[in-house]
Amino acid sequence: MELKDKLVSSFLAFEENLDPNENLDTLRNEAIKNFETLGFPGKKDEDWKYTSLNSVLKHDYSVFPKKEDAIEYRDIKKYLIHDIDTYDLVFIDGIYSSHLSQTTHDKIDVCLMSAALNKDKYSAVIENYYNKVAPKTSLNSLNTAFAREGAFIHIHKNTQADKPIQIINFATGNESALMLQPRNLVVVDENSHVQIIERHQSLTDHPVLTNSVTEIFADKRAIIDYYKIQNDKSSASLIDNTFINQKGESNVSVHTFSFGGKLTRNNLHFYQNGERIDSTMKGVTIIEDKQHVDHNTLVHHIEPNCESHQNYKGIFDDKAVGVFNGKVVVEKEAQKTNAYQSNNNILANDKATINSKPQLEIFADDVRCSHGCTIGQLDEEALFYLQSRGIPRKEARGLLMYAFANNVLESVKIPEVKKRINKLIAGKLGVELGFNL
Amino acid sequence: MAYTEDDLKKELETKEYEYGFYTDIESDTFPVGLNEDIVRAISKKKEEPEWMTQWRLEAFREWEKMEEPDWANVNYPKPDFQAISYYSAPNKKPKYDSLDEVDPELLDTFKRLGISLDEQKKLAGVAVDVVMDSVSVTTTFKKTLAEKGIIFCSISEAIKEHPDLVKKYLGTVVPQKDNFYAALNSAVFSDGSFCYIPKGVRCPMELSTYFRINQAGTGQFERTLVVADESSYVSYLEGCTAPSRDENQLHAAVVELIALDDAEIKYSTVQNWFPGNKEGKGGVFNFVTKRGLCEKGAKISWTQVETGSAVTWKYPSCILKGDNSVGEFYSIAVTNNFQQADTGTKMIHLGKNTKSTIISKGISAGKSQNSYRGLVQINGRAQNARNFSQCDSLLMGNECGAHTFPYIEVKNKSAQVEHEATTSKIGEDQIFYCNQRGIDTEKAIALIVNGFSKEVLNKLPMEFAVEAQKLLEISLEGSVG
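Protein sequences appear in the order of chains A and B.
For the first sequence, the working numbering gives the first residue as 1, with consecutive numbering after it.
For the second sequence, the working numbering gives the first residue as 438, with consecutive numbering after it.
Check each hint, because a few of them may be wrong.
To be verified - The calculated lysine-lysine pairs, modelled on BS3-like cross-linking and capped at a C-alpha distance of 27 angstroms, are:
{"no.": "1", "chain 1": "A", "residue 1": "Lys247", "chain 2": "A", "residue 2": "Lys136"}
{"no.": "2", "chain 1": "A", "residue 1": "Lys332", "chain 2": "B", "residue 2": "Lys862"}
{"no.": "3", "chain 1": "A", "residue 1": "Lys319", "chain 2": "B", "residue 2": "Lys783"}
Said to hold, decoys possible - One side of the interface only, derived from the structure: several residues of chain A facing chain B at Cβ under 8 angstroms:
{"no.": "4", "residue": "Asn251"}
{"no.": "5", "residue": "Leu347"}
{"no.": "6", "residue": "Ala348"}
{"no.": "7", "residue": "Asp350"}
{"no.": "8", "residue": "Phe363"}
To be verified - Covered stretches of chain B, as calculated for chain A (at least 3 residues, CB under 8 angstroms):
{"no.": "9", "segment": "833-845"}
{"no.": "10", "segment": "858-866"}
Keep in mind that the hints were calculated from the coordinates and are not lab data.
From the three backbone atoms N, C-alpha and C, an ideal C-beta is built for every residue, glycine too.
Please work from the sequences and hints to get the whole structure.
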């Protein structure tokens, strides 16, 4: 049976097992109908022109994961940023693992989506924000229909989260093939600040497909730093849908580090509903073999005096395929917008491919919008220079590539995260980098 | 009283299309509609050989199976292809050697358009193959060209007199079933130009055609084929103006360029068809397929100044097949009022050491929409391919839009591809600076726009550059930012 049919037919059984306190019946039903009409996106879909889901969809995924699998902290320690104190939300096969997590309700709410969906205390927040910014695309609808667990983060007015929050989704080997649909909601009220690190990690060699939806709301003057670390096994694929709604003078930055996985698709959309908003999205992609990473970004400038900065760098080796599709829309009212977008790529192998489509759609006249896209190689002269100083070619290449990716790392605000990413990059490039950061 | 911006605006809004008039020449027009019989009739009318009739029919059959594309960033009422007459030719088929013998009414038309044949003959040394509603009326300088072995004639003449060449090259770059409009054109093309430059010959003058859409309700389907044999050079100009007309007119041309080893073709276009009035009524629909093929060491350079047409859908492309070949694209697209333009280029790098340059300047004013859509494709075997693209947009007023859709596909690690785009408006300080020096706002804008477009204007042959500059000014008047 096709995956789509399987999903649609299993929805009934899924519905029966839901918590009766939950109020999402209509939403789920509408969503599954929408998914049934739209189906999975195909090559004819302009947004999916360069990314085919066929190889990912052919597996017979189990849609309802069985019970929680026991994992010890020592097995997963290496996937956490463990050298700083953080709140942790750990999910194993889509189910919350209480003994690995650390939640709080002190000034800020860092807890489970299932708890938030079923308790009256949170109903106002859920009603106001749940499924409000995610567009009704087929994959979002699929997630809306089946999602029941994920992170729920609510930072109240004038509060600074005292430590960063880690959201980690593990997949274990109990099922032959597993499909996960995590759903996260982050609401940051006025004048508040939070830092979040998100990671998806497979612990099995069975195929895993994650279709994650994250909705982020930044109220006035809120500051959000969001880091996505994607360094999964080559059996795991990820479709990450993140939608951000910003109000006046808020500042949201999302860093995406894609080093692994079979197929990774990042849909990252910013909607600016207010003046003097700042949106930043940065990414480093270093992949090899037959890996495929697709960044699909959108910044929608709706009101005047806002800024957006995009900077994506990629290094592609072997038969890897990189896709960048960045879109900046500036509405008529959004005068004085300053939008910047750049996409730089290095192809390290003749079999590697890069498809880049930086798009601008501008309806306002008093704006400064620019984009740049380059595809090239390392400078032979720079390599020679380093070699002439006794640095072996391999290390020299590593150094130069590190330098190439470095300016994305500069804006990472958590030093431990920066250090971890640094280590990952060094590992990817096969060099020892003795930098102190 | 001082002349204010409002006055200027009013003046410009009421300004009618300068070249809007209609020449009353009896035309021999076919009934409306399109079917196999019409295709056969067109072919017969043009006294074409059987292979050509079959070629057209093949295209027609493919066309019937196709759907009109709708991916472009333009909105317009879909033309009813059964409500168009597919053939119209001036009744009196003149074949003159001198201008004196030409229908004086026709000559007057050209004079009002500013195309003075005598003047051009003298001043620019341009051989003009004038196409008035599809049929070639007069060809000048033919004899000079013939001495060099250059063939420059209408395509229908070429089909009759040089069938081998036409057979060999027609449809090799733009196949019949390439796209909806190319297929339509292949089936019903009425006329166009054919040019062949023999081996090692440098064409001594700029070749040029002027097109006009004249008869009401007739679509015009030109077919141009330029073949530059090894190590030859030709510069080809194409310029157009069309009379003011209320109903939309369809224009679906196909241009094929073939540059054999080490040949060079420079193809320049100035397009100023009726853009519709200020309410967005009327205007020409311009759906053009232009493509060039470069063999080893060859170079094709497209330069275009697009100021007219209600809807433009045009992507002059280069297939860089041979090693060391070069493709260039220089474009200025200006849209005002309700005009919509979706234009750009495709650079397909197949050979080694191929180079391409794209410079595109978009200027939108009024309520117009201006899009750049381009593709740069570096294939796996294209070692050391190099591309540089630059797309700049200038916005005037807050009711227009500028869009950029660049597609970049690279499959070779030695490729070097750069793309950059900017969008901005004319700075108030720039205008103030000019005002301060006694240059009025309108002039100041013209000046700044000229500077903005200089890179492209410089690529145009001299005669065209002057005309193009004038066009830019006319198209943009009244769009004070």
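Do the hints match the structure? See the list:
As the CA atoms of Lys247 of chain A and Lys136 of chain A are separated by approximately 21 angstroms, the hinted pair is consistent with the 27 angstroms bound. For the suggested pair Lys332 of chain A and Lys862 of chain B, the alpha carbons sit about 14 angstroms apart, so the restraint of at most 27 angstroms is met. Between Lys319 of chain A and Lys783 of chain B the alpha-carbon distance is near 25 angstroms, which keeps this suggested pair within the 27 angstroms criterion. Hint status for Asn251 of chain A: violated, given a least beta-carbon distance of 24 angstroms to chain B, over 8 angstroms.
The beta carbon of Leu347 of chain A is positioned within 8 angstroms of a beta carbon in chain B (closest approach about 4 angstroms), and the interface hint is therefore held. At a threshold of 8 angstroms, the smallest CB-CB gap from Ala348 of chain A to chain B is about 6 angstroms, leaving the interface hint in force. Among the interface hints, the one on Asp350 of chain A holds; its C-beta lies about 5 angstroms from the nearest C-beta in chain B, closer than the 8 angstroms criterion. Here the hint on Phe363 of chain A is kept, as its CB sits about 4 angstroms from the closest CB of chain B, short of 8 angstroms.
Beta-carbon proximity to chain A at under 8 angstroms applies to 13 residues in the segment 833-845 of chain B; the threshold of 3 is reached and the given coverage holds. By the rule of at least three residues with a Cβ nearer than 8 angstroms to a Cβ of chain A, the coverage given for the segment 858-866 of chain B holds, with 5 such residues.
Hint violations for this structure: number 4 only, all remaining hints satisfied.
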